[in-house]
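S.K.: Line by line, the protein sequences are chains A and B.
Counting from 15, one number per residue, gives the positions in the first sequence under this note's numbering.
Counting from 15, one number per residue, gives the positions in the second sequence under this note's numbering.
Because the hints were derived from the structure by calculation, they are not lab data.
A portion of the hints provided could be inaccurate.
Just so you know, same-sequence chains aren't split out, so a pair can sit in one copy or run between any two.
[To be verified] Here are the simulated SDA-like pairs of lysine to any residue, each with C-alpha atoms no more than 20 Å apart in a straight line:
{"hint": "1", "residue 1": "K37", "residue 2": "K165"}
{"hint": "2", "residue 1": "K244", "residue 2": "S191"}
{"hint": "3", "residue 1": "K119", "residue 2": "A54"}
{"hint": "4", "residue 1": "K297", "residue 2": "P248"}
{"hint": "5", "residue 1": "K119", "residue 2": "A230"}
{"hint": "6", "residue 1": "K297", "residue 2": "E80"}
{"hint": "7", "residue 1": "K244", "residue 2": "S193"}
2 protein chains.
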Amino acid sequence: MKAKTSETHIDASNITAPTQFIKTKLETYAYRHLGAGDGAPLICLQHFTGTLDNWDPALVDALALEREVILFENAGVGRSTGEVPETMSGMAAHAIAFLDGIGLKEVDLLGYSLGGMVAQLIALERPSLVRKMLLVGTAPEGGEDIMHMEKPELNRILTDDKIQGLDKLVKLFFAPSQSSQAKGKAFTARLMQRKEDREPLSGPKVAGAQITAFRAWERITGERFANLRKITQPCFVVNGIFDNMIPVRNSYMLAEHLPNAMLLTYPDAGHGSLFQFHESFVKHASLFLDSE
Amino acid sequence: MKAKTSETHIDASNITAPTQFIKTKLETYAYRHLGAGDGAPLICLQHFTGTLDNWDPALVDALALEREVILFENAGVGRSTGEVPETMSGMAAHAIAFLDGIGLKEVDLLGYSLGGMVAQLIALERPSLVRKMLLVGTAPEGGEDIMHMEKPELNRILTDDKIQGLDKLVKLFFAPSQSSQAKGKAFTARLMQRKEDREPLSGPKVAGAQITAFRAWERITGERFANLRKITQPCFVVNGIFDNMIPVRNSYMLAEHLPNAMLLTYPDAGHGSLFQFHESFVKHASLFLDSE
């Protein structure tokens, strides 16, 4: 399946792919389009405050070797217009408007962290749109200890003036070990390889609305995990075993209550396991996406 | 690396591979030798009461397409001589004597259930012997709810006269769903494809000694999981999400405390996830074994 735009601005890498824009019935969304392939395109849904520039080229470029990969920027983030919704379902509505806008009828989703919650709601809201899902470093509705930036171990990093800029991401997304921190440094260096056409950084307004959405997502309403049992698509749940932002037990809950989910965890890794183990992740995720 | 015997009786399939015997300083062990390859041979360590005939040809034949696979029968099981040890470390000593006997200096281990416990002790006792481990449907020392055959949900199957022979294995190793049970029936049909040179079935003496070893393995002695932290080999932990014999939380413990372990779980599957998902298992396990 091809997105409407697929003949125009396809690039092989998130270092150079131009940011594109599409006006839809809701908002005008920024996105980037990588690679080509005959199967379902893989739509990438980003983490807390992340923009298109937070997609590791080592990860998404490798995924795009065998498939269309589309990086999507939700409303109010980067150069996408509108307000950041304060609910995950609000964000899912924007993602669906975007997919309708570019004319895609069936896609795979890579939902990372916040994006994984949005992915689950897209699958619930419009099941026919979703073929398979990669749910990375994320949690079910009614999950536990989701993105509590006020926790001492996270707040210490956020408020430490000696840790600046992307180094905060290294501390937050990677395990404390030397080996994981070194992989984190390599990750942020890769993010900076893109020199032009970058997105504006997210400010406190984006963060505030998304945190409000996290708090609502944590609440248990009705029978716990009942919604997970309605998601029948094949899912591949992935997490670092030492994720401090969304602990791995949330991934266990997903694997135990989604009817058709495999779970893969990585050692010596935190929230950013997909970037730390990008080569392994691409291989195992591709096996999953390409299986019958 | 080649086992001493590798030029003699290699076969492509556990349906036809002859049972071989090697006399060592401890006992004479029965084994089978499949496939060929330049890497470390994969030594398969069997489950509770299982013999060489319990290795699914769909699994081990596929693994043997790219590597040497050696199925090992521990002391007192099948046609291996000696008494079944009442401790996992006793079983590990036999496995080491076997590997020394056939002249292997470095191997990969596929330890399934009971065999996964033996594998952990081989890695602790003789670290240089073990390159990588696949630990399937198993538990760490100090794990929980390990092989309690007296539990109502297991005892009901064991004592039901209407469930005979290998059908008990279908009920015990597979999830209650129709889909999993159908995969279980296919599994036991594959086990019966081997018509000649079969091993004698295990009796109550084998079961009793192995259950004694399980009970000892469950005990927490000293700092819990301290031994896991000494196992530095890359490990790939696999389990069905609905394993009733050795619940999946034991696999979580392995992944959380082994320093270098990936975890993969399968949906709609019990203790026999590697047989139910043999194609997927072989692909993901091969990625792990073949990675740098």
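S.K.: Give a verdict on every hint.
M.R.: Here's how the hints hold up against the structure:
no.	hint	in the structure
1	K37 to K165	neither (39 Å within a copy, 60 Å between copies)
2	K244 to S191	between (39 Å within a copy, 17 Å between copies)
3	K119 to A54	within (9 Å within a copy, 46 Å between copies)
4	K297 to P248	both (17 Å within a copy, 17 Å between copies)
5	K119 to A230	neither (29 Å within a copy, 56 Å between copies)
6	K297 to E80	both (11 Å within a copy, 18 Å between copies)
7	K244 to S193	between (39 Å within a copy, 18 Å between copies)
Going down the numbered hints, you'll see the structure goes against 1 and 5, while the others check out.
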